[in-house]
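Please work from the sequences and hints to get the whole structure.
Chains as they are written, first to last, in this note's numbering: chain S, -3 to 569; chain D, -3 to 569.
No wet-lab data here; the hints were simulated from the structure.
Watch out, some of these pointers could steer you wrong.
Identical copies go unnamed one by one, so any copy, or any two together, can satisfy a pair.
To be verified - In silico BS3-like links for lysine-lysine, alpha-carbon gap of 25 Å or less:
| id | residue 1 | residue 2 |
| --- | --- | --- |
| 1 | Lys289 | Lys488 |
| 2 | Lys488 | Lys457 |
| 3 | Lys536 | Lys383 |
2 protein chains.
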Amino acid sequence: MLKRYIPLLEWRKTYNRHTFNSDLIAAMIVTVMLIPQSLAYALLAGLPAEVGLYASILPLIAYSIFGTSSTLSVGPVAVVSLMTAAAISSLGMLSMEQKIAAAMALAFISGLLLLVMGLFRLGMLANFLSHPVISGFISAAGLVIAASQLPHLMGISAHGHNLFELGQSIYAQFAMINYPTLIIGVSTLALLWWVRKSLKPLLLNLNIPDTLAGNIAKTGPVLAIILTILVTWGFNLDARGVAVVGDIPQGLPDFSVPVFNSELWQQLFSSAVLISIIGFVESVSVAQTLAAKRRQRISPDQELIGLGAANIASSVSGGFPVTGGFSRSVVNFDAGAKSPAAGAYAAMGIALATVFLTPLIYFLPKATLAATIIIAVLSLVDFQALKRTWQYSRGDFAAMSVTIIFTLISGVELGILLGVGLSILLYLYRTSRPHSALVGLLEGTEHFRNIDRHQVKTCSKMLTLRIDESLYFANARYLEDRVYDLVAQHPKIEHFVLMCPAVNYIDASALESLEAINTRLGDSGVLFHLSEVKGPVMDKLTASHFNQQLTGEVFLSQYDAWQALSNKKTTPS
Amino acid sequence: MLKRYIPLLEWRKTYNRHTFNSDLIAAMIVTVMLIPQSLAYALLAGLPAEVGLYASILPLIAYSIFGTSSTLSVGPVAVVSLMTAAAISSLGMLSMEQKIAAAMALAFISGLLLLVMGLFRLGMLANFLSHPVISGFISAAGLVIAASQLPHLMGISAHGHNLFELGQSIYAQFAMINYPTLIIGVSTLALLWWVRKSLKPLLLNLNIPDTLAGNIAKTGPVLAIILTILVTWGFNLDARGVAVVGDIPQGLPDFSVPVFNSELWQQLFSSAVLISIIGFVESVSVAQTLAAKRRQRISPDQELIGLGAANIASSVSGGFPVTGGFSRSVVNFDAGAKSPAAGAYAAMGIALATVFLTPLIYFLPKATLAATIIIAVLSLVDFQALKRTWQYSRGDFAAMSVTIIFTLISGVELGILLGVGLSILLYLYRTSRPHSALVGLLEGTEHFRNIDRHQVKTCSKMLTLRIDESLYFANARYLEDRVYDLVAQHPKIEHFVLMCPAVNYIDASALESLEAINTRLGDSGVLFHLSEVKGPVMDKLTASHFNQQLTGEVFLSQYDAWQALSNKKTTPS
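Here is the structure:
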């Protein structure tokens, strides 16, 4: 029982010096990558930089105990940080202390929700986010995040929840651009871009091994941080208006339980639901992709518990909502992490940095962090997916477009909600007008086919409608209309057969419709039959006494129905 | 074109003296029934009694022009009046003038919504209300309405949006009961109950013809009104605390266009959406039931236009939201109404009453109207349906129970929204874990059956999974998991066939999952095949280039797949 919820108890048995070495090396590389990310995403969430560090210590340890992925790197990520910023700013004007308290509360509620979902095995809730909606959301959120960093790059304090407001705000402050900041920001952007595109090929040309070259290229943000700290310190740029990270409390975070404030919790609840589900979907996709490469499996329901524990750990140690990040996890995987312990070792690395390195980043320009965020999130933007989706399905394209448009113009929460709502409505709409066909006997066989597409035998006394969908509330009335229309068009028939080979379920609404059809046809002297009803569906119909009311019969196969009901004087149609 | 939207242009061609006579008689009977109903439902909505009369004039004329049912009686109905009361009270404390303005705005928005839904043929939206949710909602709303009338019956002014609040409020004012009011109320209740249960059998015993006896029994409320007016006037009961209808402005309502107030409209919008859909569902069910009895059809999309026109007519003539009522329509039908003109004649009857009879109802006790409402709505309450639904489907039962419970304890809007939301979620949940089975060849046939249920031939090199549901976002990941698990359990297989006879649709999310399965199986040296893919599904897959990536083949029939892939050295399972 305990082992089911604490995977650590299982994998520690096979833990040895070899896995320890692999994990340690991976952890060192991830730590170097995680420091700038955690600082930057804390700023993106509108919180002090150190909150990002705090969110990268205890949560990683909690995940290494409760998580199932051996390579997932938990911590602050871009999209969830943006959603945290949106949730906090929806509370109105707050002091920084209040913001931190709200972020901790958000992580706590989100952690609780994830834990509850895990205990009740509700991981399937994430399935209601269709791929096009997620993909559209991530692309649009990437754009919104990149745009939100532009003011930092220019040294102005523009704000906005969507591209509109932000653009207006930037435009209004255009005259106040701080040029030293702009120069640092744009140079960092150029450096990071170059590192990402050209450094690895260059290193490979110098005969440096592939993995090492890749890992060196991944240290671009650290390089940028060191360079810009030196420049800012050397030229005393903070006195010339370059915003720097400044004083960060040295040492580990204090433990504290988030204060329960029912009004605050209510206001944050819906945001916490979205953050939990989006964070879970993002994290579990990464974990599954990486696990598949090594022929491993992860358990989505246990992942909920792992992420829930990580968020609660974050909330009690001064952090904000966390989840598994894509780029870091790939680095962790490539660097050879073999168990969740690698995450715990990275946590120790961050803890050491928090204790010893914080004085060194006093002069770190916020523009540098903004540039690292922009480069990171632009790789999330994939508008090619729009074209592919358009080609395959107009409905999916509509859901994706609505998600993108509303995320850009109204904000992340409305965007994702409308996308999910629309994709569900479109699915219901699709199944509410199911495909159905009148069928006849394919001569010389026992098969029945659409009379409009095939040369088939029909019988003037009977009509057979094959319905290609489960029957439920959204299509029950449509079925009634279709049957009544057909009977009205064929006044001579004596038997109506509903052929149900693709009917996987009949709900209570559809049952009432079948009863209504049975009664109405009975009144006009037409017997109502069913054929090819699947076993589980038949069991339910029998339990409901529908069979007893049925004016006709239930036939196992449509051919049985044909033999029993047709007058044999068949006419080719 | 015009004829499509104005059914009047069609049916007036066959209108003659005979239909006129039938319509006129039906209209007279309906008028007598409509007067007390319209007064009572206006009070239920929290509005002055005359508003009910105004809502029973112009709306009926509008419906007779645009509606398609020859027997539907449009006007104030209980459930919609209750929802109107809830919508208005959610605006906060208002003066009576403001309440009337809000009711008119609500009717206007609701009318516009119905018109737009009609023009865009969105009648199918009503299908998202499952039968159990509607049935549960109507029963619970009936109870709430009956309870809301108890204070009127006792002469106290208790209020509440749900049974809880109302119960508390009544309890608090228990000492202030007005006994003359209580006596009038309870006697009326007893009289109406006796009329409903025992008068018709009594009249039949006196050899009065069936139809006439039925119609006399339907005049119970009018009888009660006349008796209690006389008693109140004779004993001067209004001076002893019996609340009476009092002064009603004599004459027809003024025309006025509802003022556009964007804040008010926004506040009322979601209530208007619910009122429109609930009103439409109720009305169209009645209209369809009655039309079916005479082998007629109604057009649901044109009904939306008819009801939309009726609500706009109500809003410009001082009324409130209206729809087709069940009991009145049955009376109209039984009394022999032959065309929508019957509604217009009833409107004239109400207009005459508004001009001439209003002084006579000064002494009408509100307790009498409360008693007529209670008797009318209790017939809506059908908790037997709970038992029937429980027996047939636990999911439908859950949706029904949630609707009932939340309608009773939280109010009508939350009740219906949660019911609809839950029924959609349960449907998605059901399809998110679709039935699937490994299948094998039924010896001597070309049929393939579940290997767990039948004695079938299988082949050690190939595995065939039959999936019994359309593939879409909610079950895409489940399919992936199922396939990967099966392949992991059968390490020796070389071919995996997905048999799709019941797959009616594959959306973009499921396509990505199929691509992932194809790639993953390919990596492990297993070829991925499809069989029995339906024509429309195949067309989409071809357009998406999935076929080109597919490591295996697409077989028209599973038997073709078997012949091509099995090693012929088959082993009976």
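Results for each hint:
1. Proximity of Lys289 to Lys488 under the C-alpha cut-off of 25 Å is restricted to the inter-copy arrangement: shortest distance 20 Å between copies versus 63 Å within a copy.
2. For the homomeric pair Lys488 and Lys457, the shortest alpha-carbon distance inside one copy (6 Å) is at most 25 Å, but the shortest distance between copies (53 Å) is not.
3. Taking CA atoms no more than 25 Å apart as the test, Lys536 paired with Lys383 passes between copies only; the shortest distance there is 15 Å, against 44 Å inside one copy.
When held up to the earlier numbered hints, the structure conflicts with none and fits them all.
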